[in-house]
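Counted the way the UniProt record's numbering counts, the sequence shown spans residues 1 to 339.
Everything labelled a hint here was simulated from the structure, so no lab data went into it.
Be aware that one or more of the hints could be misleading.
[Stated by the list, open to error] In silico lysine-lysine, DSBU-like type, Cα no more than 35 angstroms apart, as pairs:
id, residue 1, residue 2
1, K130, K52
2, K130, K157
3, K259, K282
4, K316, K257
5, K151, K52
6, K182, K52
7, K259, K131
8, K78, K157
[Said to hold, decoys possible] Restraint-style ranges between C-beta atoms, simulated for each label pair:
id, residue 1, residue 2, range
9, S304, L202, 43 to 53 angstroms
10, E204, T273, 45 to 55 angstroms
11, K130, P167, 17 to 27 angstroms
12, E204, F23, 56 to 66 angstroms
13, P167, V203, 46 to 56 angstroms
14, V203, S50, 19 to 29 angstroms
15, K52, G267, 33 to 43 angstroms
16, E200, S304, 38 to 48 angstroms
17, S285, K255, 17 to 27 angstroms
Since this is a predicted model, take the numbers as computed values, not measurements.
Ideal placement from N, C-alpha and C gives every residue a C-beta, glycine not left out.
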Amino acid sequence: MTTESAITVGGLNFEWDLAEGRFLFEGQESVLFWTASAMKMFFDSLEEISGKDAANVVLESTGFRQGLVVGEYFHGIKDVTIEDAAQLITNTYASAGWGLAEIKELNEETHTLEVHLKNSWEHLINVAQKKEQGGSFLPAHYAGIFSSLFKQNMWYKVVHHQLDGFPESVIQYFPSEETIEKNIHHLSRLKEAEKINELERLVEEKTSELNALIKEISSPLIPVLEDIVVVPLLGTYDEARSEELLVKTLQNMPKHKAKYLILDLTGLNNNFTQHAAMLIEKLGSTASLIGTQTILVGISAKMSMTITESGINLSKFQCFQTLQHGIHYALAQNGRSII
Numbered sequence: 001m002t003t004e005s006a007i008t009v010g011g012l013n014f015e016w017d018l019a020e021g022r023f024l025f026e027g028q029e030s031v032l033f034w035t036a037s038a039m040k041m042f043f044d045s046l047e048e049i050s051g052k053d054a055a056n057v058v059l060e061s062t063g064f065r066q067g068l069v070v071g072e073y074f075h076g077i078k079d080v081t082i083e084d085a086a087q088l089i090t091n092t093y094a095s096a097g098w099g100l101a102e103i104k105e106l107n108e109e110t111h112t113l114e115v116h117l118k119n120s121w122e123h124l125i126n127v128a129q130k131k132e133q134g135g136s137f138l139p140a141h142y143a144g145i146f147s148s149l150f151k152q153n154m155w156y157k158v159v160h161h162q163l164d165g166f167p168e169s170v171i172q173y174f175p176s177e178e179t180i181e182k183n184i185h186h187l188s189r190l191k192e193a194e195k196i197n198e199l200e201r202l203v204e205e206k207t208s209e210l211n212a213l214i215k216e217i218s219s220p221l222i223p224v225l226e227d228i229v230v231v232p233l234l235g236t237y238d239e240a241r242s243e244e245l246l247v248k249t250l251q252n253m254p255k256h257k258a259k260y261l262i263l264d265l266t267g268l269n270n271n272f273t274q275h276a277a278m279l280i281e282k283l284g285s286t287a288s289l290i291g292t293q294t295i296l297v298g299i300s301a302k303m304s305m306t307i308t309e310s311g312i313n314l315s316k317f318q319c320f321q322t323l324q325h326g327i328h329y330a331l332a333q334n335g336r337s338i339i
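With these hints in hand, go ahead and build the complete structure from the sequences.
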């Protein structure tokens with residue numbers, strides 16, 4: 001077992017200070033993790049908490065931004081060309097356990113290149129995760145490196161991943177207006193769209209429930225005494241609600257053996273229209289066909305004016321000022337009264 005506190009591998013220096021619990025790579029504070037266990041757990045947790053799409057953007061953004069730092073470091077080394085830096089980067093990463101990387105078809109005029117990656121730590125994690133698609137950290141990482149080296153925004157296209165069954169991953173790089181900021185913005189808009197769709201679905205669902213509830217409680221048929229039912233008209237009646245009222249009332253009156261249908265118009269004071277007058281006339285006339293006499297109560301002066309202007313004749317129905325008067329009248333027709 002070696003007790004050396006420093007070692008040089010491939011021209012790169014590794015140092016340990018066990019007393020202080022420090023590990024240095026090329027003089028920089030570093031840390032070691034097990035790839036297929038500890039790092040896999042980190043990636044799994046990231047996806048579990050934020051979701052796969054968000055985790056992918058996080059890794060891609062982190063990889064790119066770390067690449068910018070690396071590119072700036074090598075760009076700052078005196079008398080080192082971009083081609084030299086590319087070679088130094090691949091050697092450094094191989095020594096650090098990032099896998100085998102090879103820069104091919106590097107063109108400093110067109111700012112294009114290919115990166116071939118084999119057995120990278122990201123690939124090993126993806127294998128441990130049993131992923132079907134390769135990750136985005138390293139492809140974006142090299143885009144960040146060469147964005148710094150070329151002083152121009154670079155982006156990438158994965159030709160294929162090693163995970164797809166190829167001997168290595170191949171990624172092409174080129175100048176582009178595509179940025180991690182745009183991808184983050186796109187993800188935000190996507191998440192917003194998902195939330196909006198979910199809210200729209202909930203609104204539609206709740207609206208449907210509310211409509212069903214309104215139908216249930218709107219203009220209820222109330223059996224107040226034997227042979228007498230009261231229907232209070234409330235709010236505004238459009239075509240759909242008018243049809244609902246007609247059907248519901250006419251279907252339920254036989255069940256109550258109603259001889260008298262009292263329509264209470266008190267709740268229509270501020271919503272009484274010619275359409276409402278037509279509804280009342282139609283409901284009363286239809287009720288008479290099944291042997292039920294209609295009584296109108298709660299007609300205000302304003303309603304009377306609207307009825308007169310509409311030309312609709314409601315005089316064929318008995319009309320009273322209050323519901324109490326209407327009920328007394330219906331009872332009197334059968335020789336009864338309230339004591």
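Okay, the hints, checked on the actual structure:
{"no.": "1", "hint": "K130 <-> K52", "result": "holds (14 angstroms)"}
{"no.": "2", "hint": "K130 <-> K157", "result": "holds (23 angstroms)"}
{"no.": "3", "hint": "K259 <-> K282", "result": "holds (17 angstroms)"}
{"no.": "4", "hint": "K316 <-> K257", "result": "holds (22 angstroms)"}
{"no.": "5", "hint": "K151 <-> K52", "result": "holds (31 angstroms)"}
{"no.": "6", "hint": "K182 <-> K52", "result": "holds (18 angstroms)"}
{"no.": "7", "hint": "K259 <-> K131", "result": "violated (74 angstroms)"}
{"no.": "8", "hint": "K78 <-> K157", "result": "holds (31 angstroms)"}
{"no.": "9", "hint": "S304 <-> L202: 43 to 53 angstroms", "result": "holds (45 angstroms)"}
{"no.": "10", "hint": "E204 <-> T273: 45 to 55 angstroms", "result": "violated (29 angstroms)"}
{"no.": "11", "hint": "K130 <-> P167: 17 to 27 angstroms", "result": "holds (20 angstroms)"}
{"no.": "12", "hint": "E204 <-> F23: 56 to 66 angstroms", "result": "holds (57 angstroms)"}
{"no.": "13", "hint": "P167 <-> V203: 46 to 56 angstroms", "result": "holds (53 angstroms)"}
{"no.": "14", "hint": "V203 <-> S50: 19 to 29 angstroms", "result": "holds (26 angstroms)"}
{"no.": "15", "hint": "K52 <-> G267: 33 to 43 angstroms", "result": "violated (55 angstroms)"}
{"no.": "16", "hint": "E200 <-> S304: 38 to 48 angstroms", "result": "holds (45 angstroms)"}
{"no.": "17", "hint": "S285 <-> K255: 17 to 27 angstroms", "result": "holds (21 angstroms)"}
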